[in-house]
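K.L.:
Given chain H, put chain X in place with the hints provided.
Protein chains: 2
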Amino acid sequence: MSAPSTGTAVRVPFTELQNLLQAILQRHGCSETVAQVLAHNCASAQRDGAHSHGVFRIPGYVSTLASGWVDGQARPKVSDVAAGYVSVDAAGGFAQPALAAARELLVAKARNAGIAVLAIHNSHHFAALWPDVEPFAEEGLVALSVVNSMTCVVPHGARKPLFGTNPIAFAAPCAEHDPIVFDMATSAMAHGDVQIAARAGQQLPEGMGVDANGQPTTDPKAILEGGALLPFGGHKGSALSMMVELLAAALTGGHFSWEFDWSSHPGAKTPWTGQLIIVIDPSKAEGERFAQRSRELVEQMQAVGLTRMPGERRYREREVAEEEGVALTEQELQGLKALVA
Amino acid sequence: MSAPSTGTAVRVPFTELQNLLQAILQRHGCSETVAQVLAHNCASAQRDGAHSHGVFRIPGYVSTLASGWVDGQARPKVSDVAAGYVSVDAAGGFAQPALAAARELLVAKARNAGIAVLAIHNSHHFAALWPDVEPFAEEGLVALSVVNSMTCVVPHGARKPLFGTNPIAFAAPCAEHDPIVFDMATSAMAHGDVQIAARAGQQLPEGMGVDANGQPTTDPKAILEGGALLPFGGHKGSALSMMVELLAAALTGGHFSWEFDWSSHPGAKTPWTGQLIIVIDPSKAEGERFAQRSRELVEQMQAVGLTRMPGERRYREREVAEEEGVALTEQELQGLKALVA
Numbered sequence: 001m002s003a004p005s006t007g008t009a010v011r012v013p014f015t016e017l018q019n020l021l022q023a024i025l026q027r028h029g030c031s032e033t034v035a036q037v038l039a040h041n042c043a044s045a046q047r048d049g050a051h052s053h054g055v056f057r058i059p060g061y062v063s064t065l066a067s068g069w070v071d072g073q074a075r076p077k078v079s080d081v082a083a084g085y086v087s088v089d090a091a092g093g094f095a096q097p098a099l100a101a102a103r104e105l106l107v108a109k110a111r112n113a114g115i116a117v118l119a120i121h122n123s124h125h126f127a128a129l130w131p132d133v134e135p136f137a138e139e140g141l142v143a144l145s146v147v148n149s150m151t152c153v154v155p156h157g158a159r160k161p162l163f164g165t166n167p168i169a170f171a172a173p174c175a176e177h178d179p180i181v182f183d184m185a186t187s188a189m190a191h192g193d194v195q196i197a198a199r200a201g202q203q204l205p206e207g208m209g210v211d212a213n214g215q216p217t218t219d220p221k222a223i224l225e226g227g228a229l230l231p232f233g234g235h236k237g238s239a240l241s242m243m244v245e246l247l248a249a250a251l252t253g254g255h256f257s258w259e260f261d262w263s264s265h266p267g268a269k270t271p272w273t274g275q276l277i278i279v280i281d282p283s284k285a286e287g288e289r290f291a292q293r294s295r296e297l298v299e300q301m302q303a304v305g306l307t308r309m310p311g312e313r314r315y316r317e318r319e320v321a322e323e324e325g326v327a328l329t330e331q332e333l334q335g336l337k338a339l340v341a
Numbered sequence: 001m002s003a004p005s006t007g008t009a010v011r012v013p014f015t016e017l018q019n020l021l022q023a024i025l026q027r028h029g030c031s032e033t034v035a036q037v038l039a040h041n042c043a044s045a046q047r048d049g050a051h052s053h054g055v056f057r058i059p060g061y062v063s064t065l066a067s068g069w070v071d072g073q074a075r076p077k078v079s080d081v082a083a084g085y086v087s088v089d090a091a092g093g094f095a096q097p098a099l100a101a102a103r104e105l106l107v108a109k110a111r112n113a114g115i116a117v118l119a120i121h122n123s124h125h126f127a128a129l130w131p132d133v134e135p136f137a138e139e140g141l142v143a144l145s146v147v148n149s150m151t152c153v154v155p156h157g158a159r160k161p162l163f164g165t166n167p168i169a170f171a172a173p174c175a176e177h178d179p180i181v182f183d184m185a186t187s188a189m190a191h192g193d194v195q196i197a198a199r200a201g202q203q204l205p206e207g208m209g210v211d212a213n214g215q216p217t218t219d220p221k222a223i224l225e226g227g228a229l230l231p232f233g234g235h236k237g238s239a240l241s242m243m244v245e246l247l248a249a250a251l252t253g254g255h256f257s258w259e260f261d262w263s264s265h266p267g268a269k270t271p272w273t274g275q276l277i278i279v280i281d282p283s284k285a286e287g288e289r290f291a292q293r294s295r296e297l298v299e300q301m302q303a304v305g306l307t308r309m310p311g312e313r314r315y316r317e318r319e320v321a322e323e324e325g326v327a328l329t330e331q332e333l334q335g336l337k338a339l340v341a
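First to last, the sequence lines map onto chains H and X.
Be aware that the first sequence starts at 1, since it is given in the UniProt record's numbering, and climbs by one per residue.
Be aware that the second sequence starts at 1, since it is given in the UniProt record's numbering, and climbs by one per residue.
Looking at chain H on its own, in the form it has when it is part of the complex (with noise of 0.2 Å):
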């Protein structure tokens, strides 16, 4: 999620930032709505350190969007299924601006029914998913999101990938503190970490991969040329996996992590899948209670020693950045700015 990036450090500020993200965006095919969200997505990721996610995407969009893979200019359709349920079809575009055009209903649902759940397929993620959560338990909600990716990851006992990097993502009000948020892979380390070791020329902890024949390698790029991740915490972590393909891919109506072929577009890198949202409004049951409960817990763990909560290192870097600017390093900054040259 987050290994530093190297270089000479600079520091921008956000909303400079996010207007040149924005502007690559709209000069590489994106709508101003699909650019306006991703920009501010990939802003996000890069000011709160989530480097993996952040500047470092930039190209993969881009060379997606000249491939002609996606669609930037996509218009999701919204359908009203249910008293609970919203479903979107993000028509061959990317997931955020799929869950920006029907984020009202889904809130305004959850509100009335206590629970509600967005189905969104026909959709591209390529980002960070603790964005996709962390807003709502900053209006009091508790969200749980999963996506599923591209073939890269051993299921638990089989002999070759078929999962996808599989993320799940949790987010929950906590009272006088910032919200709790993780977001996991549901592979022993994220595609875009193994990325940034084998550009970064370092070793992988043990148990993170094998190479092409199937054997254990630390070589993140033994990893990416023909080989494969392993799931975190063995059987476990692929059933949780499994799980997110069931509800991110069957349940959407999205593609699973193998289904889709972009050979034909050289330079894609964005898993045209599905993703799901389940959004509970806590106050149906125990009013402003919950956020109370949800600080004993916090309470709690740091009195069993615990320094850093889960989301915890992503505020501590957006509040530096909120200050001095988002870092990232002068050559970052100058190939941005020559992609809207």
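None of these hints come from the bench; they were simulated from the model.
Mixed in with the good hints, there may be bad ones.
Non-contacting residues of chain H with respect to chain X, defined by C-beta distances greater than 10 Å in every case (computed) [as the list claims (entries may be wrong)]:
hint, residue
1, 62
2, 112
3, 200
4, 324
The following label-pair restraints were derived from C-beta to C-beta distances [claimed, not checked]:
hint, chain 1, residue 1, chain 2, residue 2, range
5, X, 135, H, 105, 28 to 38 Å
6, X, 283, H, 105, 15 to 25 Å
7, X, 263, H, 259, 31 to 41 Å
8, X, 138, H, 259, 45 to 55 Å
Ideal Cβ placement from N, Cα and C applies to all residues, glycine included.
P.N.:
Below, chain X alone, put in the same frame as chain H:
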């Protein structure tokens, strides 16, 4: 979940075992309704080879009932909260009768709203979690449940135990196939399996737990006597365990795993917490197609070399038990009979 028992094996018809367990539970303080639900649950676990939640648990039920810690006569109070939200006060009784009392309303809401949540609090859960979700999949629904338990797991990065074993269970229908069901402790090992290993004098694999001094140990007795379990999969399993505390306790109004004090009830074994169940109707968006897609997933998992699907061992044991009766040891059977003498 399923360490084998030792001793001479006998086979008992399912209904005979269920009736025996029901008689024991009624004899020791359960109402007929409560005894029926728990006996079916426990006999099902034994039938399916899930021995750590089979008849192995009966002495714990009996000693807990004798201690006055749980109300075996409790009548759950069901509240119809909103279009997708049902809440149950289990009234200090077991969680399974609370689920049984609310189940029809929950299913009706899920079929109408597309998704519904059941929040149970003031409840005791001492059983496997898969029997709570599998029946939803049998009627074409997708179900996810979490229950918190009692402090015995050290959060990743902490020094002392706080969380319970906090399992997550999931069930989904699958065309022409048994439902896809898993039930996993978010601890490295289920508590019942540690007890079984201790009883059998077996050592555990590395990474399961720590002793009373917080040092890694493979001795199950050291874990049970002042030590603690670790989460599965490091910080990821730990984050999931935290999520279970938030969903099963904070959201429902139940106790966190560290909040109840049974010290004045010697013999009490059942955690007094909460449980959350989310049920989704896949026909809302995908019609009959979901079960077909689920089936495609199974076929793909088999194609990459998976020889056993999650839950499959239980189905195979069940088939044998339906032919030959439920397996238990002669010693276990005599022990059970002694409890109604």
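K.L.:
Give a verdict on every hint.
P.N.:
Here's how the hints hold up against the structure:
1. 62: At roughly 31 Å from the nearest Cβ of chain X, residue 62 of chain H sits farther out than 10 Å, so the non-interface label holds.
2. 112: Answer for residue 112 of chain H: violated, closest chain X Cβ roughly 7 Å.
3. 200: 22 Å, holds
4. 324: For residue 324 of chain H, whose nearest Cβ neighbour in chain X is about 28 Å away, the distance exceeds 10 Å, so it holds.
5. X/135 with H/105: 28 to 38 Å: 31 Å, holds
6. X/283 with H/105: 15 to 25 Å: 20 Å, holds
7. X/263 with H/259: 31 to 41 Å: Hint violated: Cβ distance 55 Å, outside 31 to 41 Å.
8. X/138 with H/259: 45 to 55 Å: Check failed, 27 Å falls outside 45 to 55 Å.
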